Amino acid sequence: MVSRIAIDVGGTFTDLVHYDDQTASMAVTKIPTTPASPEQGALTAVRQTLSKDQIQTSQFFLHGTTVGLNALLQRQGARVGLLCTRGFRDILEIRRGDRDEMYNLFWAPAPPLVPRRLRLPVTERVRADGIVHIEIDPDDVAAAYAVFVREEVDTIAIAFLNSFANPDHECAAEAELRRLGFEGPISLSHRISGEYREYERTTTTIIDAFVRSRMTQYLGQLGDGLKAAGFEGNLLVTRSGGGSFTFGEAVERPFETIMSGPVAGAEGTGELARHLNIGDFVAADVGGTSFDASLIVGGRPKLLYEGTVVGLPVQTPWVDVRSIGAGGGSIAYVDAGGLLRVGPQSAGAVPGPAAYGRGGTAPTVTDAAHVLGLLGEGELAHGICLDRDLSRSSLKPVADQLGFSIEETARGVIQIVTATMANLMREITVEQGNDPRQLWLLAFGGAGPMLATMLARELGTRGVVIPPHAGNFSAAGLLGADLIQAAARTHIMRLDDPGLSVANKILQEMFVELESRQSASLPAAPTRHVGLDMRYRGQEHSITVEMVCDASGCISWDSSEVLEEFTHGYASSFGVTMDEAVEIVSMRATIRAPLPRRRWSGQSDAAGGPPAMSVRSWSIAHRDWKEFSVLQRMQLAGDSTLRGPAIILEPTTTTYLDSGHLARVHDSGCLIITEEQADDA
Amino acid sequence: MMRSESSLYLASAQRQAPSALVDPVTTEVVRHSLNSAANHIKRTLVRTAFSPVIYEVLDFASAIYDVHLRLLAQAPSLPLFMGTMNFCVEAAVECAGGVEALEPGDILLHTDPYGTGSHPQDAAVILPVFLNNRTLIGYTAIKGHWLDIGGKEPYSTDTVDVFQEGTIYPGLKFFKRGERDEELFRMILANTRVPKMVAGDINAQVAGVLAGQRELLRVVERYGLEKFEESVEAMFDHGEAVVREYFEKIPDGRYVGQGEMDNNGVDENRVPFEVSVEVKGSTVRVDYSKAPDSQPGPINCPLPSTVSASRVAISMLAGGGEAPCEGHFRPIEVVTRPGSMFHPFSPSPCFLYGWPALQAIEVIYNAVSKAMPKAVPACSGGDLAALVWWGVREDSGEPWADGSPHPVGAGGHASGDGATMMHAAEAATRFSATEIWEAKNPWILEKVELAPDSCGAGRYRSGLGVDLSFHMLEDSYVTSAIERSHNAPWGLVGGRSGRPNSARLRFADGSYGDRFAKATRLKVPKGATLELFTAGGGGYGPPADREPAAIRRDLAEGYITEAYARQHYPHAFDDGDGST
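Note that the protein sequences, when read in sequence, are chains A and B. Under this note's numbering, residue 690 is the last one in the first sequence; the count climbs by one each step, no gaps. Under this note's numbering, residue 747 is the last one in the second sequence; the count climbs by one each step, no gaps.
Derived from the structure by calculation, the hints contain no laboratory data. Computed from a predicted structure; not experimentally measured. Where a beta carbon is used, it is the ideal one built from N, C-alpha and C, also for glycine. Misleading hints may appear alongside valid ones.
Chain A is faced by these chain B residues, among others (derived, beta-carbon under 7 Å) [said to hold, decoys possible]: (1) His199; (2) Val266; (3) Val409; (4) Gly486; (5) His580; (6) Thr587; (7) Met588.
The whole structure should be built from the sequences, with the hints applied where relevant.
Next comes the structure, spelled out in structure tokens:
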């Protein structure tokens with residue numbers, strides 16, 4: 010049995026998706042998030058939607074959470090004390106010296122998560138090559154501990170310089186704190202990250218310490234609640250770097266869950282891409298306030314090895330999801346210089362777009378779309394019915410400022426927001442050497458399917474895929490998150506056969522350590538994967554190249570084969586190669602235990618639903634008003650083809666199929682949309 | 168020397184008759200796409216560069232110009248370079264024989280300081296972009312700092328003419344019709360102390376301008392040349408309107424700021440100068456005509472960088488926080504006196520051109536503060552506090568070099584304390600992680616820490632300066648390019664000054680050398696330690712107005728000592744003058 014439950018807790022809604030393996034069917038629920046204690050909303054969704062039997066027969070509970078992220082955003086976390094190398098007390102405050110807003114004369118960084126009086130120096134020093142330069146002085150640890158006790162510190166972080174090369178001093182300081190009687194959690198930087206750059210590693214360690222108790226409490230309550238409701242399977246949470254791990258592992262390494270929420274959509278796209286097997290994808294998740302884009306190559310989301318959250322670097326694998334403030338709620342205005350601008354300010358869920366009739370008066374993207382009829386008659390889920398008059402009156406002041414008609418203004422708003430999103434997708438694809446013309450666009454989120462054909466045209470993609478349950482796709486994406494453990498270690502050496510054998514030795518140590526972290530009853534035999542970060546000697550930035558390795562995780566290639574793979578990867582990213590020796594910078598070890606594949610099926614429901622009708626909407630492609638047929642997605646027959654113009658309705662989103670486009674209903678339930686060839690249009 | 172004439176520099180003027188067909192939608196879309204394209208150039212360069220000065224410090228600018236040499240977009244990078252790039256492109260094209268001599272596939276290299284505005288190490292790589300291999304539509308360009316280009320030293324504070332400063336490549340075609348000129352490449356590598364780094368960096372610059380070309384062509388092809396050009400005009404008008412709106416609010420008048428250089432690098436005399444800012448309606452005139460004659464040492468600032476300093480100062484103040492384009496520069500008039508240190512002629516030495524430019528930015532803000540004290544912060548640490556290092560590795564015999572600016576305190580301002588960061592003119596640059604530095608260079612850092620009491624006191628204090636100690640494991644050389652070591656950063660509206668910049672050597676026997684600021688090819692022997700003390704900034708408002716709670720917090724956090732607090736903030740103590 011591989012039935013499973015996924016819950017994605019977002020800022021506004023908590024989405025539940027239940028996959029029943031017997032029938033290959035999915036049940037979907039959306040309820041308001043309970044921000045003060047998100048586990049309550051999640052448990053309510055489970056109890057309201059699922060029978061006791063459904064809960065008991067589910068083998069996996071998969072969870073995407075923003076609890077850690079919110080703790081950082083609201084700066085409500087543990088009281089952390091930091092032990093650092095003497096002379097380096099202000100790493101968190103000096104940072105790298107740069108400004109986030111370079112044209113803002115008054116910009117200042119947010120205060121560090123640990124104030125200066127709780128960042129205390131220890132006499133000790135390790136060199137970059139791991140040699141001890143100054144022995145650690147335990148008296149300094151004792152002196153710092155006395156301050157921590159007086160200041161009622163909950164959690165202690167230890168981050169010494171060059172500990173990635175030799176962790177002995179960090180371990181010695183930890184032992185000393187325990188000897189002195191400290192019983193709270195201790196985060197050691199070398200266990201958090203084996204990579205160099207002290208600001209980035211220290212910050213990651215602090216984030217870990219800062220969110221640990223909140224995550225422990227939250228996951229504990231959620232797990233207990235689920236068990237009380239009868240759940241007996243594995244409790245999993247998604248990682249910022251893709252895949253999932255158990256609640257127990259998440260409590261040990263909470264910093265790996267910071268981007269748990271936004272990653273789900275990219276993970277789901279990866280799973281769907283592997284299932285459809287039609288090529289690589291760029292994923293477009295259009296919500297109310299933000300637009301998230303990610304690139305899926307070879308059925309997996311692209312990874313970065315450092316992320317950024319609330320302006321802080323996090324040194325951990327990170328699915329490359331890029332976000333900008335553009336979505337259905339983004340507000341249009343005319344700026345001081347007379348240009349029409351859209352976002353990043355958003356009307357949010359409250360009051361929402363003017364058309365919601367909840368008191369919002371600012372013109373939003375949704376209002377512009379509704380004026381143009383892109384949402385049909387505007388009957389959305391949850392009983393919201395958009396009011397076109399309110400949309401028009403919200404756009405009027407902007408139209409008057411520009412000297413445009415309301416319709417022209419609405420078209421401008423849609424064009425600008427579409428181009429902004431397309432630019433972000435171009436950046437994420439082109440800069441990694443992926444030509445958008447070779448990619449498919451997967452569009453989801455509340456407003457994604459509405460903008461999909463326009464985004465595809467702007468980017469020139471092969472076509473568009475609208476997944477089943479597109480409005481809840483992020484939650485559905487959790488269902489396929491494999492179990493993953495990952496680690497990285499910096500050790501710079503030449504790329505040659507002796508270098509590779511050192512790498513293999515270190516990798517074996519890393520795999521042993523990773524296996525000791527595993528706590529789930531594994532659904533399938535785990536596989537080992539290896540990546541090497543490499544660069545030309547003299548460079549700083551490296552690229553990660555996936556290795557071919559044997560079952561034990563030993564690299565199978567010799568150094569000339571690895572070099573060939575590196576050269577190929579470098580050329581496809583940057584268009585050039587260099588005449589320089591290559592070196593290995595870091596080794597990356599990953600253990601992946603796949604969840605059993607679930608079957609994909611459509612959501613057709615031939616029974617019921619109102620009869621087909623039509624609406625007069627603006628055709629972006631033809632630059633004219635046209636009659637669009639209005640259909641229920643549930644009623645589209647499998648393997649049929651629908652010719653635009655049409656508006657396709659489903660409970661959580663609306664698809665705008667412009668004229669000149671064909672939508673095929675794939676047996677996975679996806680709509681696959683392509684442009685008609687000019688000669689058959 | 169020409170003494171009396173003054174010279175007026177203006178950005179490219181508005182087109183004659185604004186079209187009625189301006190489309191604010193396409194304009195916004197094009198503006199966004201161009202910024203995105205400039206960012207793409209930057210990322211390509213950073214990811215492929217060999218020298219830490221480019222990939223860590225980000226000491227470069229990448230930009231896109233139209234065929235009339237007007238700035239279309241630039242990525243967030245070194246601000247001081249941004250206003251100079253049109254001069255670079257113009258000078259390089261002129262050297263290469265004019266627009267007629269350019270062919271598709273050509274890439275120019277230009278390092279003449281009087282064209283780039285910088286020292287010869289700041290190498291401009293410029294690609295003319297042709298539509299359909301026929302029509303020249305613009306340029307993509309990167310000016311990036313090479314670690315060495317063969318001057319008398321890798322870095323100098325005491326040059327007496329421009330020929331000592333580095334090799335000049337005047338608008339040469341590094342690529343001709345898509346083929347690299349291997350003879351020129353050999354010549355470039357033969358004229359640097361670190362050929363591998365330079366080879367890597369110039370190739371990275373080429374990868375960057377090529378990436379920019381692809382993206383610019385895509386935007387033009389997407390909208391068609393006519394519509395693109397129309398949108399660009401509207402985009403410039405937009406930028407201009409944003410800046411003009413700001414200056415409309417400033418009362419008309421002429422405001423004078425005073426500045427001073429520690430010395431000119433070859434003698435010890437201080438070099439005071441004056442810059443005035445004249446606001447008339449929505450136009451702002453920055454006037455350097457009272458500046459002293461060009462100097463015998465390298466603190467001369469070629470016209471492009473004088474114009475750039477003015478543009479940086481004004482667009483940071485008035486640009487609404489957005490990346491500027493040509494339009495933002497139109498309301499700015501720059502007046503200089505040919506033959507002065509802000510408008511020197513070749514072969515006047517100009518290796519430290521950036522240092523007077525940085526001081527000029529502070530002086531411009533000093534002038535603006537006289538009209539609107541709330542509009543600007545007090546003086547920052549006022550410098551890059553740059554060190555450039557080199558030597559030969561003991562084990563491999565390979566030459567090494569590295570260099571970096573360092574953070575200083577930012578000034579207090581009407582709404583809060585300053586923080587510690589790079590000077591505004593270097594806003595996007597960073598300094599290296601200690602762990603990266605130690606993995607590469609033969610040294611151990613003993614300290615990189617905020618310096619208590621280094622801030623300027625005030626109702627809102629400045630950020631703190633930083634103390635850094637570099638302990639050398641092998642013999643090495645350093646050039647220290649430090650300014651504002653005599654003049655402490657000024658406070659505003661009653662705020663006090665912070666500590667100035669300085670450095671000194673501590674030898675293996677524990678003895679200290681004298682404090683210094685500018686020094687060229689200083690030997691730092693194995694076992695010795697260089698201590699760098701970067702400046703705090705100026706405070707804002709009278710110290711007596713600072714909230715006692717804020718003072719107690721600064722004390723508790725160790726930003727200030729009790730002695731400092733008693734000296735500057737006696738009101739925070741019960742008896743008002745010392746004892747609690």
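Earlier hints that do not hold, by number: Going through the list in order, the structure violates hint 2 alone and respects the others.
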